[in-house]
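There are 2 protein chains.
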Amino acid sequence: MSKPSIGFVGLGAMGFGMATHLVKQGYPVHGFDVFPASIERFKAAGGIPAYSLRESAEGKNYYIVMVASSPQAQAVLFAEDGIVQHLPQNAVLMLCSTVSSMYAQSVVAELQNRGRGDILFVDSPVSGGALRAANGTLSIMAGASDEALNAARDILQEMSDESKLYLVPGGVGAGSNMKMVHQVLAAIHILGASEAMGFAAQLGLDAPVMAQKIQASDAWTWMHENRFPRMVEEDWNSGASAVTIILKDAGIITTTARQQRFPTPLCSTAEQIYLSALLHGWGPKDDSAMVRQYYARPLSEASVSPAADAEAATELVLDLMRGVNLVAAAEAVAFARHLKVDLSMFHTLVSQAAGGSKIFIEQGLEMIEGRIGDKAPAGSESVDQVAAKLETVVQKARDLHCPLHLGNAALNVLFMTQRHGSGAQSSTSVIRVYGQ
Amino acid sequence: MSKPSIGFVGLGAMGFGMATHLVKQGYPVHGFDVFPASIERFKAAGGIPAYSLRESAEGKNYYIVMVASSPQAQAVLFAEDGIVQHLPQNAVLMLCSTVSSMYAQSVVAELQNRGRGDILFVDSPVSGGALRAANGTLSIMAGASDEALNAARDILQEMSDESKLYLVPGGVGAGSNMKMVHQVLAAIHILGASEAMGFAAQLGLDAPVMAQKIQASDAWTWMHENRFPRMVEEDWNSGASAVTIILKDAGIITTTARQQRFPTPLCSTAEQIYLSALLHGWGPKDDSAMVRQYYARPLSEASVSPAADAEAATELVLDLMRGVNLVAAAEAVAFARHLKVDLSMFHTLVSQAAGGSKIFIEQGLEMIEGRIGDKAPAGSESVDQVAAKLETVVQKARDLHCPLHLGNAALNVLFMTQRHGSGAQSSTSVIRVYGQ
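Those protein sequence lines, which keep their order, are chains A and B. Read in order, the letters of the first sequence correspond to residues 1 to 436 in this note's numbering. Read in order, the letters of the second sequence correspond to residues 1 to 436 in this note's numbering.
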């Protein structure tokens, strides 16, 4: 059986990988991009070049939008001579860009207004980075009508790992909300990776050794593991994941949080530090370059301290990440719960995706299941204990004149939790400070 | 009656003013500094040069220490051939540097240990800037034994404004604690002045016009009024008040807060942004240079927008300062209360000193007096209303890609207050989120 033609717009780092993967799977993919060079590159990789939105959309029963933002999506979808104008009846339109759920829902309304309610629209953001895009092993979070989900399922499955296509209940918007709460963790952990390694450098620790210890410990985050090689190589112009990209996602989170009047102190802190970096010209660089906001020289130039100090110093870095990852998990779970996101699916998804951390996998699950007990059970830490360790970390960073934006913000959240009477309770009780 | 000789160490921006003012009042002041040029400058201004600590201390019944930090104080007081070794019996020793109360108390203990319990030690930090130091109109917060306070009173009064010598109950440490909680406001308002003016520039507002409107409104802070001229002139090498100075004070606050496990989200945010500036080489600059962390060019280069927009934009800047100043007042009052600082004196002091703001003078007093009511009284704003305005501000800054560190931190504190059920209450109820 021959595979259906697919229209595709947005051949950037992610989109190029997704589109060429579909080509490899035997789909005729008609790809368009605003940069002619990207179209030629796609052609060279076996894709069918489309030299206009019209050409990419005409006669295509399946269409994938992978542009960088909702303003771009709005333009390619609804501009004169845009995609919607040229899609055939009952075409399946998959929006894979990261947008707010509000924007995704507005697309449905605008399709109706334009008399194109026939189009089967799927809100299907992705996660996993350029490599997984190219391998067809992305995580995809799809929300839509049952009819649209059924129609889009096979193609979404081609682009995602066998176990990582999430059909999120709740219709259009639910996919984007799922992606958004995932990005709460991503936005914090990306900065967290830089904060940990910058602090380690200020402590005089050897970066590769420290990174290995983080990866082997309960301080592990997917982002740290993924970003560290580029961070230490200063491979900051690869186009893999620019500061502007995570900044955009953080903006979707904090804008939605403001509409919901929901506190996101850690994610907001991260966003502000990304914004500061943007102001000083770091926007187009890989987000692992954020390490320069903590340590002014290359990580490889950190002087390596003697082994005796190194052990205690290593523990400080691990404690930093543990503390930050714990509060990050609380912030993400509390926000997800507030938005009525399917928490069990959220946990499964994050645990296997870019927002994952050891702490989220374990303590995040306890938070989701409401196992936050009145007293810290034997063998588990209390809020007081986590705060005490993070206090030592923050003081040490202060003594070294090392900024520690997330560490400080997390510690203040823990202090607030203590002030509201939950200090002796298990560390997962920090979620209580985010309200009901 | 001839005036007594005074020993003096620390002829920096503040110390030079204080010492020469005492000279003008007829005191023989023997001044020492580690920089020989400062001694010569003091000599040229009519002071008596001392070329060693010994020379400055021998035979002096009154001694004033105005070095920059507690490590420096420790060195000049207790080093071999240091001050304490050479002071006569029952000398009055005034430590005017800003230090932690813990450090001030440690001096008393060390005097005892060294058999110099006879020395009348006064913990007497000052506030007001170099100009007031030179005019003898500083605010001084003195804590000591009654005997020491009585002995030091006349000289402290010479250096302070008639109404601004505060004899703080509680002995040694109480002066430093009073100064510290004052500095909570100073540390936030210094960054707040830059944040407001940087945001105004991003909005295309004319800086002098905006500054005037702030000064004429309930968004006024002493720091904004004081810093704005240097900010707009980019007069950043005057030595008036370097980033490192407020960073040191912020460090005293957050270190003490950590020991007390007390949350200081706004002050910590400010400290982290000062630390970031330090990392990038801004430490020695005047703290008004922090505006560059919000707007990358001189304020004078901001393009002036048409008058229609300007009115709404101006209101956004005022709302930013109102929101931040409100949470700053809550943070300072809550922390002062926690430390059992005399709140009535605290209010009087701040209202006339560098930490002052219109919001603190009014809403701060309501917080101190416990007038935080169950419902916002007619004519006053609720937490919900302040949060709603700040939300608009923060969103606008985000749209402009303008960092807004304090605005975001303050908004998250307000959201936490709402999540804990105080949204409909008067805005001063934000203090509740800081706990009992």
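Since the hints were made in silico from the structure, they are not lab data. Be aware that a few hints might be false.
For identical chains, the list gives no copy identity; a pair is met inside one copy or between any two copies.
Said to hold, decoys possible - With a Cα cut of at most 30 Å, we get these calculated DSS-like pairs of lysine-lysine: (1) Lys285 x Lys3; (2) Lys389 x Lys3; (3) Lys24 x Lys213; (4) Lys285 x Lys375; (5) Lys340 x Lys213; (6) Lys340 x Lys285; (7) Lys389 x Lys43; (8) Lys248 x Lys389; (9) Lys389 x Lys340; (10) Lys285 x Lys43; (11) Lys248 x Lys340; (12) Lys358 x Lys340; (13) Lys24 x Lys375; (14) Lys358 x Lys3; (15) Lys248 x Lys3; (16) Lys340 x Lys3; (17) Lys285 x Lys358.
Going through the hints against the structure:
Taking CA atoms no more than 30 Å apart as the test, Lys285 paired with Lys3 passes in neither setting, with 38 Å inside one copy and 65 Å between copies. Taking CA atoms no more than 30 Å apart as the test, Lys389 paired with Lys3 passes in neither setting, with 57 Å inside one copy and 54 Å between copies. For a Cα distance limit of 30 Å, the shortest separation of Lys24 from Lys213 qualifies neither inside one copy, at 38 Å, nor across copies, at 63 Å. When the C-alpha separation of Lys285 and Lys375 is checked against a cutoff of 30 Å, the pair qualifies neither within a copy, at 45 Å, nor between copies, at 49 Å.
Taking CA atoms no more than 30 Å apart as the test, Lys340 paired with Lys213 passes in neither setting, with 36 Å inside one copy and 44 Å between copies. For the homomeric pair Lys340 and Lys285, neither the shortest alpha-carbon distance inside one copy (35 Å) nor that between copies (49 Å) is at most 30 Å. Proximity of Lys389 and Lys43 under a CA criterion of 30 Å is satisfied in neither setting, with 55 Å inside one chain copy and 51 Å between copies. Taking the closest pair of Cα atoms, Lys248 and Lys389 come within 30 Å of each other only across two copies (23 Å); inside a single copy the shortest separation is 33 Å, beyond that limit.
In this assembly of identical chains, the alpha carbons of Lys389 and Lys340 lie at most 30 Å apart only when taken from different copies (26 Å versus 33 Å within one copy). Only within a single protomer do Lys285 and Lys43 lie at most 30 Å apart by alpha-carbon distance; the minimum there is 27 Å, versus 54 Å between protomers. In the homo-oligomer, the alpha carbons of Lys248 and Lys340 lie at most 30 Å apart inside one protomer (23 Å), although the nearest pairing across protomers, at 44 Å, exceeds that limit. Within a single copy, Lys358 and Lys340 get their C-alpha atoms as close as 24 Å, which meets the 30 Å cut-off; across copies the closest is 41 Å, which misses it.
Taking CA atoms no more than 30 Å apart as the test, Lys24 paired with Lys375 passes in neither setting, with 55 Å inside one copy and 65 Å between copies. Taking identical chains as interchangeable, the C-alpha atoms of Lys358 and Lys3 are never at most 30 Å apart, the minima being 40 Å within one chain and 70 Å between chains. Taking identical chains as interchangeable, the C-alpha atoms of Lys248 and Lys3 are never at most 30 Å apart, the minima being 35 Å within one chain and 67 Å between chains. Taking the shortest Cα distances, Lys340 and Lys3 never come within 30 Å of each other, neither inside one copy (37 Å) nor across copies (75 Å).
Proximity of Lys285 to Lys358 under the C-alpha cut-off of 30 Å is restricted to the intra-copy arrangement: shortest distance 28 Å within a copy versus 42 Å between copies.
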